[in-house]
Amino acid sequence: MKKRILASCLGAAFLFLAWLALSEIVRLPIIPSPVRVVENIGEIFFGTIAVHGAYSLGRIIAGLLLAVGVGLPVGVLMGWSRRADRLLAPLVYLTYPVPKIALLPIVMLLFGLGDGSKTIMLFLILVFQVVIAVRDSIRAIPEEVFYPLASLGAPFRLILLEVLLPASLPKFMTAIRVAMATAISVLFFTETFGTQYGMGYFIMDAWLRVNYLEMYSGIVVLSVMGLFMFGVMDFAERYFCRWQGKM
Amino acid sequence: MIRVSNLSAYYDTATGRSMALEDMNLCVPKGGTCAIIGPSGCGKSTLLRILAGIASNYEGEVSIADASVDPEVLSIGFIPQNYGLLPWKTVRDNIRLSWKVKHPESLVPEGEETILARLGIGEELLERFPRELSGGQQQRASLARAFLLQPDVLLMDEPFSALDAITREEMQEVFFELWRAQAVTTVIVTHYVEEALYLGQTVIVLSSAPGHVLSVTENSFFARREDSGEYAAQKARLRGWLTGKGAEA
Ligand SMILES: Nc1ncnc2c1ncn2[C@@H]1O[C@H](COP(=O)(O)OP(=O)(O)OP(=O)(O)O)[C@@H](O)[C@H]1O
Ligand SMILES: [Mg+2]
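Quick mapping for you: the protein sequence lines, in order, are chains D and Y. Residues 1 to 247, numbered by the working numbering, are exactly what the first sequence covers, in order. Residues 248 to 496, numbered by the working numbering, are exactly what the second sequence covers, in order.
Here chain D stands alone, though its shape is the one from the complex (with noise of 0.2 Å):
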């Protein structure tokens, strides 16, 4: 653990010097120095980009809710229920290969331009690779570890508590960590129309001002935004499936 934290700080430590570097050889606006980025994100961050940053993260909490709230129980039914999945089956995987953001259109003329179809995005990106994590891991749970509990008469409550989402719970944490950042590029990419607010919305805009460091500061923040939830949800995958050991 401290040996990544080091590392991190040496890579991030070392992206820092490169762009110092070259906005010292290049001298033009479009690429300011680090260092006044840095000032500029001190300056601006809790009057200005903390609420686009707080938007941003309020509609991405929202759609993995979302996401995990239907996948979740789809996914179990699936993989429980051979009758479940062959009916469910042949949708996900019609669906499945489809780019999401093709959708778009689609999903703007059912839900508006707000914060409604924002979110569906997002949940269109991440519900997939949960229901199908889930169920491929319940599939591939071996049939002894039914055992114990069958024996018990356990009622499917607790097969679902102490063996399902368990056996699940390592796939389920990957697909989200892998998921989550197509769901961040395409959440920039929505941001930047019919919404005031979020980090799209803030770089964007920033840009059509011709304020680079402004720019710059917003995407320094988003970086930094996806890197921290990655870390977080590195952290958790690492702490709750220990068990495995293989990490």
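Calculated directly from the structure, the hints in this document are not laboratory data. Take the hints with a grain of salt, since some may be wrong.
Chain D regions said to be covered by chain Y (calculated; three or more residues, Cβ under 8 Å) [claimed, not checked]: (1) 137-149; (2) 153-159.
Here are the computed lysine-lysine pairs in the BS3-like style, where the Cα-Cα straight-line distance is at most 30 Å [as the list claims (entries may be wrong)]: (3) K3/D to K336/Y; (4) K347/Y to K277/Y; (5) K277/Y to K349/Y; (6) K492/Y to K482/Y; (7) K336/Y to K349/Y; (8) K2/D to K336/Y.
Bear in mind the structure is a predicted one, so any value in this text is a computation, not a measurement. Glycine included, every Cβ here is placed at the ideal spot set by N, Cα and C.
Based on these hints, arrange chain Y with the ligands on the given structure of chain D.
Just chain Y with the ligands now, with coordinates in the frame of chain D:
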């Protein structure tokens, strides 16, 4: 009482139906123990799964206490061949699992400390995950889980196979203490003739697959560690059945 009559078990595979047990009859009186020996693949584990109420791939009659096997009603202590520990639970949570299912209202099983001490499961082992245990340690955790449940019937599938000779004898003693205290009806599957003679009031020898009963012996050496000529003769007789030479050996 455990009663099995005309039991046949089968597996449906890609190449068709294959029989695992054929026309099997068995009766273990209430509070009695029965040891089952037989060659690998003869259907011993299949039989225990059926007795535990988790397999339905059979025909014939199976009853425990004059009722059909219902794990929801009965407390069945089942120790599967691969110990049946859940990999995502610590040893402590694994051991408490069966208690938790049967007694949701109380947190800590009665007599937990005594049994853990008797099985040599220390505080440090309790915090580990199953993959961090040796085979023998996993086996002891599995025994602890079954013993703590204070079951109506105890079904053990080669429960001492991964233990060294000394530990095995110790664990057999622990089993006896428990069996005496709780008078639990027990079926134990083993590969060792000596173990069968020590733990089984009745010793049943099964044929190779599909398994059927070759011999039923009322065992006079039950709970005795013995080395007499008579004992050796009994051992040889059972070996004879196992190796296919039958009763003439
Ligand atoms: N899931 C299964 N599908 C198909 N055949 C099976 C299955 N499980 C067991 N069998 C077959 O049924 C027979 C009995 O298996 P079982 O596991 O009961 O044997 P066993 O007596 O416990 O063997 P061992 O002493 O090696 O544990 C074997 O021939 C085996 O190949
Ligand atoms: Mg077996």
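Okay, the hints, checked on the actual structure:
Look at the segment 137-149 of chain D against chain Y: 6 of its residues bring a Cβ nearer than 8 Å to a Cβ of that chain, three or more, so the hint holds. Only residues whose beta carbon comes within less than 8 Å of a beta carbon in chain Y count, and the segment 153-159 of chain D has 3; three or more means the coverage holds. Taking the CA atoms of K3/D and K336/Y, the gap is near 28 Å; set against the 30 Å cutoff, the hint holds. Taken as a hint, the K347/Y and K277/Y pair is honoured in the structure, with Cα atoms around 26 Å apart against an allowance of 30 Å.
The suggested pairing of K277/Y with K349/Y holds, with an alpha-carbon distance near 21 Å, which does not exceed 30 Å. With a CA separation close to 14 Å, the supplied pair K492/Y and K482/Y stays within the 30 Å bound. Distance hint between K336/Y and K349/Y is fulfilled; the C-alpha atoms sit about 18 Å from each other, no more than 30 Å. Distance restraint check for K2/D and K336/Y: the Cα-Cα separation of roughly 26 Å lies within the 30 Å cut-off, and the hinted pair is therefore satisfied.
The structure fails none of the hints (numbered hints given earlier).
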